[in-house]
Amino acid sequence: MLTYPAAIENREEVWAWWPPGTLTLAYALIVFGPRFPPPYRVLGAAVLVGIFCFYVWHERREVRHPDELNRRIRQEALAAAYPLSLLIVITAIVGQSLLGFSIDLTCRALLLLLALAYGISFKVARERYL
Amino acid sequence: MKNRLRLIRAERQLSQADLADRLGVSRQTINAVETEKYDPSLPLAFKIAKLFGRPIEEIFFPNGT
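Line by line, the protein sequences give chains A and B.
Numbered per our numbering, the first sequence spans residues 5 to 134.
Numbered per our numbering, the second sequence spans residues 10 to 74.
Think of the hints as simulated: they come from the structure by calculation, not from any bench.
Please note that a few of the clues may not be correct.
From the structure, some residues in chain A lie toward chain B, with a derived Cβ separation under 7 Å [what the hints assert, rightly or not]:
id : residue
1  : D71
2  : L73
3  : V128
4  : E131
5  : Y133
For clarity, every value in this text was computed on a predicted model and none was experimentally measured.
Every residue gets a Cβ at the ideal spot worked out from N, C-alpha and C, and that includes glycine.
When you get a sec, could you build the whole thing from the sequences and use the hints?
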């Protein structure tokens, strides 16, 4: 039976929750983290790094997904995110060492930009096919 | 690559989800193939042809055809 109107089928997004979820958490931790005293700030940063690592690990695992379109989207997103991440890291190092940005600011901006890089890469790859 | 998958699926009164289940892929994959945003792998194209009992060239054909 044809149960879904085509318009609804085209809008459905089963893989969409991961990047926005990660970005929201990352943003919340980055924005609100510095207001906490140092032990909690370190904990917040550790949680953020953990979320980010888990996300990357999850994406790498998803590249072996049995569904070929899902696999293709993940592969394209990761392929786009790696050079982007490298560029962000290099920019952060240059900014920190040459322009004198504080380490605290550099680390926070770095984490946010890396999370954004993956989120945007994923969104671009997904919208190409869905 | 163009295809007649939506038409053939409708003839069989299969939903995208039904077809996806039978082929072992996601419904999004079927939708992307039907809207010609994604060219299926050769194994998947053969599975589709086999499922509908038609030659592969009756379902998929090059853009200029």
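Tested hints:
no., hint, verdict
1, D71, "holds (4 Å)"
2, L73, "holds (4 Å)"
3, V128, "violated (13 Å)"
4, E131, "violated (10 Å)"
5, Y133, "holds (5 Å)"
Violated hints, in rising order: 3, 4; the structure is consistent with all others.
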